[in-house]
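Enquirer: The chain contents come next:
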Amino acid sequence: MTAMIELRDRLKAFAGVYEVYVLGIVKAAAAFVIFNCINGEIGYMERLNSVTLVLVLSLVSALLPVDFISLAAAVFVLMHLFALSPAVAAVGACIFAVMYLIYFRFTPGRGYFAVLTPVSYIWHIPCVMPFVAGYMDKSPSSGVPVVCGTVIYYFLKGVKENAVSLSTMDDKDSLVSKMSDTVSQLVGNREMLTMACVMLVTTVTVWFIRRLKVDYAWYIAFAVGATVELVGMILGNIRFALGISILGMFIQIILSAVVSFLLMFFLFNLDYERTERVQFEDDEYYYFVKAVPKVYVAKGQKKVKKFAVENVTKDDVIKDFEEE
Amino acid sequence: MINEEKVILMTKLQTYEDKNGKKVFSILKYFRSDYISLQLLKGFVAITLCFGIIMGLWMLSHMEDILSSLNTMDYGAFVMLVVGRYGVVLLIYLLLVYIYSAITYTKARREGRRYHKNLKLLKKM
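Chains A and E, in that order, are what the protein sequence lines are. Residue numbering for the first sequence follows our numbering, beginning at 55 and increasing consecutively. Residue numbering for the second sequence follows our numbering, beginning at 4 and increasing consecutively.
These aren't lab readings, by the way, just hints derived from the structure by calculation. Backbone N, C-alpha and C define an ideal beta-carbon position, used for all residues, glycine too. Warning: the hint list may mix true and false statements.
[Unchecked claim] In silico lysine-lysine, DSBU-like type, Cα no more than 35 Å apart, as pairs:
| no. | chain 1 | residue 1 | chain 2 | residue 2 |
| --- | --- | --- | --- | --- |
| 1 | E | 126 | A | 267 |
| 2 | E | 25 | A | 192 |
| 3 | A | 211 | E | 45 |
| 4 | E | 123 | E | 15 |
| 5 | A | 66 | E | 110 |
| 6 | E | 25 | A | 267 |
| 7 | E | 120 | E | 9 |
| 8 | E | 45 | E | 22 |
| 9 | E | 110 | A | 348 |
| 10 | A | 192 | E | 120 |
| 11 | E | 120 | E | 22 |
| 12 | E | 32 | A | 344 |
| 13 | A | 192 | E | 9 |
| 14 | E | 45 | A | 348 |
| 15 | E | 22 | E | 32 |
| 16 | E | 15 | A | 192 |
| 17 | E | 26 | E | 9 |
| 18 | E | 32 | E | 120 |
| 19 | E | 120 | A | 348 |
| 20 | E | 126 | E | 45 |
| 21 | A | 344 | A | 192 |
| 22 | E | 120 | A | 373 |
| 23 | E | 15 | A | 348 |
| 24 | E | 120 | E | 26 |
| 25 | E | 45 | A | 344 |
| 26 | E | 15 | E | 110 |
| 27 | E | 32 | A | 348 |
| 28 | E | 45 | A | 192 |
| 29 | E | 32 | E | 126 |
| 30 | E | 15 | E | 127 |
| 31 | E | 127 | A | 267 |
| 32 | E | 32 | A | 192 |
| 33 | E | 22 | A | 192 |
| 34 | A | 348 | E | 22 |
| 35 | E | 45 | E | 26 |
| 36 | E | 45 | E | 32 |
| 37 | E | 126 | E | 22 |
[What the hints assert, rightly or not] Okay, the calculated beta carbon distance ranges per label pair:
| no. | chain 1 | residue 1 | chain 2 | residue 2 | range |
| --- | --- | --- | --- | --- | --- |
| 38 | E | 115 | A | 100 | 51 to 57 Å |
| 39 | E | 70 | A | 244 | 23 to 29 Å |
| 40 | A | 329 | E | 6 | 35 to 41 Å |
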């Protein structure tokens with residue numbers, strides 16, 4: 055454990071010194087993963103399915119604010135959908151527009167949750183996202199981008215499943231009927247509604263509990279969040295016969311635990327056993343102060359061992375040299 | 004001789020200006036009531052557009068039902084239903100926008116005061 059804490063401190067110090075480069079590399083890596091996922095899932099426009107283009111976009115993302123990744127990802131998705139069918143792209147544009155107008159115009163810099171959520175679905179670990187959002191964000195509204203990400207994923211999933219019919223409709227099938235089909239597969243999607251509700255409730259629960267002024271709040275937040283998520287999904291599974299695997303759910307919860315404990319380790323690692331409670335007063339107030347120290351390892355002090363040589367003068371050295 | 008405290012304070016002020024300052028100063032250009040009114044106006048436009056888009060999508064997904072009942076539909080009741088729902092959504096959204104803008108303005112004013120206090124301190128140094 056001590057070695058891990060030392061490693062964490064070194065990593066933090068390294069990230070602090072080289073913040074610009076570290077942030078750039080993280081953004082470029084995230085952008086690369088996101089664009090590759092989009093190409094892998096809905097790569098209908100062949101011109102975009104190029105590693106060179108993805109690499110260039112990732113490098114550009116490293117230099118620009120985080121919101122650029124969200125914007126570029128949205129444009130990427132719409133271009134792929136346009137290649138499949140302009141009608142589907144129009145519906146996609148409507149969905150993105152609604153999300154932007156209702157929520158994202160208020161919260162610049164939060165779009166990455168909405169982009170990472172579909173990626174987590176593609177990797178079959180969506181249950182991790184509410185914990186990441188609940189632990190890392192300053193406000194409970196981070197549940198909204200997670201819900202938006204869920205809607206985007208199920209929209210794209212529906213398009214992917216019906217891609218053949220959407221792209222090969224006869225000429226007599228108008229643009230409107232294609233749009234109608236695209237919207238219908240989204241509106242009546244009970245799995246999407248269940249997952250969106252579970253994601254929102256879990257994120258808000260984790261955020262609320264981890265901010266409570268009680269010992270081990272982050273651990274309690276995980277336990278309660280995991281329970282809420284499991285119960286929500288099982289109830290949804292029973293009510294709507296969604297066919298979500300119970301074993302898969304448990305594996306996801308275990309993965310969520312790993313991610314949560316990593317986040318706790320890096321962001322909020324406190325030593326509750328050394329908690330100090332002090333009480334004092336001034337003219338106006340009584341102060342009840344509770345101080346919980348962070349876990350850290352004192353840096354090992356370098357000891358320089360001196361091999362003292364007896365007072366040797368310059369003459370002695372010359373004398374020795376002459377004798378030799 | 005470099006005044007370390009002055010350098011630290013100046014660095015803090017500049018960091019603040021670069022990070023949150025721009026947003027806070029752009030909010031504090033307005034009086035509270037003007038800022039909230041502007042946000043409500045923007046909210047009104049945004050939610051009207053959203054409602055239009057969502058209605059359009061809903062109508063698309065129910066196109067067959069709508070086309071089959073074109074002759075039998077009670078248009079008055081339909082318009083009333085749509086307007087009623089729009090009113091409820093508008094009211095809820097504008098209430099949320101009002102709360103959000105009021106909180107944002109209060110926070111910005113608090114931060115602005117702190118910033119000016121530090122500026123005065125810097126001037127005295």
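Enquirer: A separate judgement is required for each hint: does it hold in the structure or not?
Expert: Against the structure, the hints:
A hinted pair counts as satisfied when its Cα atoms are at most 35 Å apart, and residue 126 (chain E) with residue 267 (chain A) does not qualify at roughly 39 Å. Between residue 25 (chain E) and residue 192 (chain A) the alpha-carbon distance is near 20 Å, which keeps this suggested pair within the 35 Å criterion. This hinted pair checks out: residue 211 (chain A) and residue 45 (chain E) have alpha carbons roughly 33 Å apart, not beyond 35 Å. A threshold of 35 Å between alpha carbons decides the hint, and for residue 123 (chain E) with residue 15 (chain E) the separation of about 14 Å falls inside it, so the pair holds.
Proximity of residue 66 (chain A) to residue 110 (chain E) is assessed by CA-CA distance (about 30 Å); at most 35 Å being required, the pair is judged to hold. Pair hint residue 25 (chain E) plus residue 267 (chain A) holds up; C-alpha atoms about 33 Å apart against a cutoff of 35 Å. Annotation: proposed proximity of residue 120 (chain E) to residue 9 (chain E) holds, straight-line Cα distance about 14 Å (limit 35 Å). A C-alpha spacing of about 25 Å is found between residue 45 (chain E) and residue 22 (chain E), which places the hinted pair at or below 35 Å, so the restraint holds.
Our distance criterion of 35 Å between C-alpha atoms is met by residue 110 (chain E) and residue 348 (chain A), whose separation comes to about 29 Å. For the suggested pair residue 192 (chain A) and residue 120 (chain E), the alpha carbons sit about 26 Å apart, so the restraint of at most 35 Å is met. In summary, the hint linking residue 120 (chain E) to residue 22 (chain E) is supported, as the alpha carbons are separated by about 18 Å, within the 35 Å threshold. For a cut-off of 35 Å, the pair hint linking residue 32 (chain E) to residue 344 (chain A) is broken: about 40 Å separates their Cα positions.
Annotation: proposed proximity of residue 192 (chain A) to residue 9 (chain E) holds, straight-line Cα distance about 31 Å (limit 35 Å). For the proposed pair residue 45 (chain E) and residue 348 (chain A), the alpha carbon gap of about 44 Å is over 35 Å, so the pair is violated. As the CA atoms of residue 22 (chain E) and residue 32 (chain E) are separated by approximately 18 Å, the hinted pair is consistent with the 35 Å bound. Restraint check for residue 15 (chain E) and residue 192 (chain A): satisfied, since their Cα atoms lie roughly 22 Å apart, inside the 35 Å limit.
The suggested pairing of residue 26 (chain E) with residue 9 (chain E) holds, with an alpha-carbon distance near 25 Å, which does not exceed 35 Å. Of the pairs offered as hints, the one joining residue 32 (chain E) and residue 120 (chain E) holds, with about 18 Å between alpha carbons and a cut-off of 35 Å not exceeded. For the hint linking residue 120 (chain E) to residue 348 (chain A), the alpha-carbon distance of about 31 Å falls within 35 Å, and the restraint holds. Restraint check: the Cα-Cα separation between residue 126 (chain E) and residue 45 (chain E) comes to about 39 Å, which exceeds 35 Å; the hinted pair is violated.
Taking the CA atoms of residue 344 (chain A) and residue 192 (chain A), the gap is near 22 Å; set against the 35 Å cutoff, the hint holds. The hinted pair formed by residue 120 (chain E) and residue 373 (chain A) fails the criterion: a straight-line CA distance of about 72 Å is larger than 35 Å. Restraint check: the Cα-Cα separation between residue 15 (chain E) and residue 348 (chain A) comes to about 24 Å, which is no more than 35 Å; the hinted pair holds. Only pairs whose Cα atoms come within 35 Å are accepted, and residue 120 (chain E) paired with residue 26 (chain E) is accepted, the gap being roughly 18 Å.
Restraint check for residue 45 (chain E) and residue 344 (chain A): the C-alpha separation of about 44 Å exceeds 35 Å, so the hint is violated. A hinted pair counts as satisfied when its Cα atoms are at most 35 Å apart, and residue 15 (chain E) with residue 110 (chain E) qualifies at roughly 19 Å. Of the pairs offered as hints, the one joining residue 32 (chain E) and residue 348 (chain A) is violated, with about 41 Å between alpha carbons and a cut-off of 35 Å exceeded. At roughly 25 Å between alpha-carbon atoms, residue 45 (chain E) and residue 192 (chain A) fall within 35 Å of each other, so this suggested pair holds.
The suggested pairing of residue 32 (chain E) with residue 126 (chain E) holds, with an alpha-carbon distance near 23 Å, which does not exceed 35 Å. Between residue 15 (chain E) and residue 127 (chain E) the alpha-carbon distance is near 16 Å, which keeps this suggested pair within the 35 Å criterion. Restraint check: the Cα-Cα separation between residue 127 (chain E) and residue 267 (chain A) comes to about 39 Å, which exceeds 35 Å; the hinted pair is violated. The hinted pair formed by residue 32 (chain E) and residue 192 (chain A) meets the criterion: a straight-line CA distance of about 26 Å does not exceed 35 Å.
Taking the CA atoms of residue 22 (chain E) and residue 192 (chain A), the gap is near 16 Å; set against the 35 Å cutoff, the hint holds. At most 35 Å may separate the alpha-carbon atoms for a hinted pair to count; residue 348 (chain A) and residue 22 (chain E) meet this at roughly 27 Å. For the hint linking residue 45 (chain E) to residue 26 (chain E), the alpha-carbon distance of about 17 Å falls within 35 Å, and the restraint holds. Distance hint between residue 45 (chain E) and residue 32 (chain E) is fulfilled; the C-alpha atoms sit about 17 Å from each other, no more than 35 Å.
Only pairs whose Cα atoms come within 35 Å are accepted, and residue 126 (chain E) paired with residue 22 (chain E) is accepted, the gap being roughly 22 Å. For the pair residue 115 (chain E) and residue 100 (chain A), the supplied restraint of 51 to 57 Å holds, since their beta-carbon distance comes to about 52 Å. At roughly 26 Å, the beta carbons of residue 70 (chain E) and residue 244 (chain A) sit within the given window of 23 to 29 Å. The beta-carbon spacing between residue 329 (chain A) and residue 6 (chain E), approximately 39 Å, falls within the hinted interval of 35 to 41 Å.
In this structure, the earlier hints numbered 1, 12, 14, 20, 22, 25, 27 and 31 are contradicted, and the remaining ones agree with it.
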